[in-house]
Amino acid sequence: MIELRHVHFAYDTQPVLRDVSFLVDDSEAVVIMGPSGSGKSTILRLILGLDCPREGEILVDHKDVGRLGRGPLREIRKKIGMVFQDGALFDSLTVGENVGYYLIEHTKLKWDEIERRARAMLGFVGLEADEVIDKLPDQLSGGMRRRVAIGRALLSTEPQIMLYDEPTTGLDPYATHNIINLINKLHRERSISSIVVTHQIADAFAVAKRFIVIYRGEVAFDGSLEELRECRDERVEDFLAPFRASMKGVFERKFVDGAAPE
Amino acid sequence: MTVLQLVNNWFKNFAYETQNLFFFSLRLVGAFFSRRWYVTETMEQMYLIGVGSLYLVVLTGIFAGQGFAFAFSVELADFGAKNYLGRIMSIAIIRELGPVLTGLMFAARVAAGITAEIGAMKSAHQIDAMVAFGIDPIKKIAVPRTIALVIMLPMLTIICDAIALLGAWVIAVFVAHVTSTMYWSAVRDRLIFGNLFIGLMKPVVFSFVIAFIACYKGFASKGGTKGVGQATTQSVVMASITILIVNFFITRVVFSWIKGYL
Ligand SMILES: Nc1ncnc2c1ncn2[C@@H]1O[C@H](COP(=O)(O)OP(=O)(O)OP(=O)(O)O)[C@@H](O)[C@H]1O
Ligand SMILES: [Mg+2]
Chain B
1 MIELRHVHFA
11 YDTQPVLRDV
21 SFLVDDSEAV
31 VIMGPSGSGK
41 STILRLILGL
51 DCPREGEILV
61 DHKDVGRLGR
71 GPLREIRKKI
81 GMVFQDGALF
91 DSLTVGENVG
101 YYLIEHTKLK
111 WDEIERRARA
121 MLGFVGLEAD
131 EVIDKLPDQL
141 SGGMRRRVAI
151 GRALLSTEPQ
161 IMLYDEPTTG
171 LDPYATHNII
181 NLINKLHRER
191 SISSIVVTHQ
201 IADAFAVAKR
211 FIVIYRGEVA
221 FDGSLEELRE
231 CRDERVEDFL
241 APFRASMKGV
251 FERKFVDGAA
261 PE
Chain C
1001 MTVLQLVNNW
1011 FKNFAYETQN
1021 LFFFSLRLVG
1031 AFFSRRWYVT
1041 ETMEQMYLIG
1051 VGSLYLVVLT
1061 GIFAGQGFAF
1071 AFSVELADFG
1081 AKNYLGRIMS
1091 IAIIRELGPV
1101 LTGLMFAARV
1111 AAGITAEIGA
1121 MKSAHQIDAM
1131 VAFGIDPIKK
1141 IAVPRTIALV
1151 IMLPMLTIIC
1161 DAIALLGAWV
1171 IAVFVAHVTS
1181 TMYWSAVRDR
1191 LIFGNLFIGL
1201 MKPVVFSFVI
1211 AFIACYKGFA
1221 SKGGTKGVGQ
1231 ATTQSVVMAS
1241 ITILIVNFFI
1251 TRVVFSWIKG
1261 YL
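So the protein sequences, as listed, match chains B and C.
Every letter in the first sequence is one number past the one before it in our numbering, and letter 215, counting from 1, is 215.
All you need for our numbering is the position in the second sequence, starting with 1, plus 1000.
Calculated from the structure, these hints are not laboratory results.
Treat the hints with caution; some may be incorrect.
Unchecked claim - With a Cα cut of at most 27 Å, we get these calculated DSSO-like pairs of lysine-lysine:
#1 C/LYS1139 <-> C/LYS1122
#2 C/LYS1012 <-> B/LYS78
#3 C/LYS1259 <-> C/LYS1139
#4 C/LYS1140 <-> B/LYS79
#5 B/LYS110 <-> C/LYS1012
#6 B/LYS108 <-> B/LYS78
#7 B/LYS135 <-> C/LYS1012
#8 C/LYS1222 <-> C/LYS1012
#9 C/LYS1122 <-> C/LYS1140
#10 B/LYS78 <-> C/LYS1122
#11 B/LYS63 <-> C/LYS1139
What the hints assert, rightly or not - Among chain C residues calculated to face chain B with C-beta under 8 Å, some are:
#12 GLU1041
#13 ALA1077
#14 GLY1080
#15 ALA1081
#16 HIS1125
#17 GLN1126
#18 VAL1131
#19 PHE1133
#20 ILE1135
#21 ALA1186
Note that the structure is a prediction, hence the values are computed from the model and not measured.
The beta carbon of each residue, even a glycine, is placed where N, CA and C say it ideally should be.
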């Protein structure tokens, strides 16, 4: 469970988040949307405890990550899988070592066993293990890197929370489709809570039933697709305007089909 | 902006940096006493730092030794004191030249490498990713490099000393026409506890100076590639100057402590 209570955050003097509150339940999937620079990635960084809020509390499994010591914070982080916006793969390690990173660092497993699991995970995220496992991240395409990043986040001692920062931005429709399926599959099979940050509206509707719109560091909307469609908040209208026109079909159809998983 | 303000700003900046560097160094030293040791990383760094710097140190030793020997032999010849060349070279090289030149070479080669590497990792969010995996980047990155430096710098200083004495021998025998036996016995004359102590204590202190500054600058870098470039430049400049200043104080202070042994 993740809960933000009246969180304020600023980089130096520039305020980034203002009074952000929301709660993500166990095994719930939530999408955070919003224009570029509105503070979405910052929210994920705060949940991981990479930055500390100026005010307010961030509770992960009922523990305030902003006030935990280094040891307990490390334990909390082990429960969270994070896919960074730019992948953040370790570029001096091979793909196999990246994917097996958690096991290499936190377990005493032999490399044979780690490699076996890394291969399985690469298969799970839709990559040819034999082909990529010994390559360096630089030698992969953007979409492949994204999938390696997801695999790396998953191959730990069963994350209970997954945070995805724009997992599909800049990918071709086919790769996007794969990654969305992957996120849904994970969500279904392992019942973990996930937060997916994206500004691809179509993707948002495909992975969750609940949506949060962040606008200039504030929560402008929090609710279901139905409510989003009815929402007349200026800021939300502002953000959705381009999509309402150009993606009417998707918007309506997804709403009717209910493509998101239960 | 007036000159006064500029000076004021500069001073404030300097105080701020020094304070941060100090706290960082404390944390780094604290991280030495942890349960988790990254042995593989440490060995790898010892190889990269030590063996990788060997050619540089050998070249430095040969040419510095010869240059100084040449300059001194001409002066000493005027007094008919050429036979003392070995003594002077022994003191100059073991106490000052060897440690300082090797230290400066390390400040250039190793400090730049460390800062650039950590800075690049930081700007690609790899440090964040590491933290998200529950790993302390100071333990994982800074401690192995510090240990490698503390072991390798004194060893390479000894090599530099030896090579420089050899370089000076070439000049002594073939240019100044001092007999080989005369030269080496003069050198041995000054190989006494006090000199060796100063000559070995310096590289140990310098290695900490380089490690603290290089790691600190890397972790504190921000602002993408340009920021990493600046941090690297600053790291080399700061490490070099600090080495020269610290060198002076060690010579000055330790000299008075152990005068009896000189
Ligand atoms: N390291 C930093 N230092 C200073 N300001 C920052 C830093 N990182 C982000 N910001 C600022 O914080 C604000 C929110 O950034 P954030 O990365 O959370 O946006 P975002 O919603 O994820 O945007 P995008 O959709 O483009 O990824 C931006 O205005 C940005 O300028
Ligand atoms: Mg972002």
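message: Tell me if the straight-line CA distance from B/LYS135 to C/LYS1012 falls inside 27 Å.
response: violated, 47 Å
field: Interface restraint verdict for C/GLN1126 against chain B (beta-carbon cut-off 8 Å)
entry: holds, 6 Å
query: Against chain B, is C/VAL1131 within 8 Å by beta-carbon distance?
result: Result: holds, 6 Å to nearest chain B Cβ.
message: Is the interface hint satisfied for C/GLU1041? The criterion is a beta-carbon contact with chain B at less than 8 Å.
response: Cβ of C/GLU1041 sits 11 Å from chain B, so the hint is violated.
Cut-off 8 Å, beta-carbon criterion: hint that C/ILE1135 touches chain B: Holds. Min distance 6 Å.
message: Run the distance test for C/LYS1140 versus B/LYS79: straight-line Cα separation, threshold 27 Å.
response: holds, 20 Å
message: So if I understand the rule, the pair passes when the alpha-carbon distance is 27 Å or less; does C/LYS1012 with B/LYS78 pass?
response: violated, 39 Å
- request: Verify the proposed pairing of C/LYS1122 with C/LYS1140, using a straight-line Cα cut of 27 Å.
  value: holds, 14 Å
message: Tell me if the interface restraint on C/GLY1080 is satisfied: Cβ within less than 8 Å of some Cβ in chain B.
response: violated, 60 Å
- prompt: Are the Cα positions of C/LYS1259 and C/LYS1139 separated by 27 Å at most?
  reply: Violated, at roughly 39 Å.
query: Is the hint on C/HIS1125 kept, meaning its closest Cβ partner in chain B is under 8 Å away?
result: It holds, given that the least Cβ distance between C/HIS1125 and chain B is near 4 Å, below 8 Å.
query: Is the Cα-Cα distance between B/LYS63 and C/LYS1139 27 Å or less?
result: Cα-Cα ~25 Å, so holds.
In the structure shown, a violation is registered for the earlier hints numbered 2, 3, 5, 7, 12, 13, 14, 15 and 21, in ascending order.
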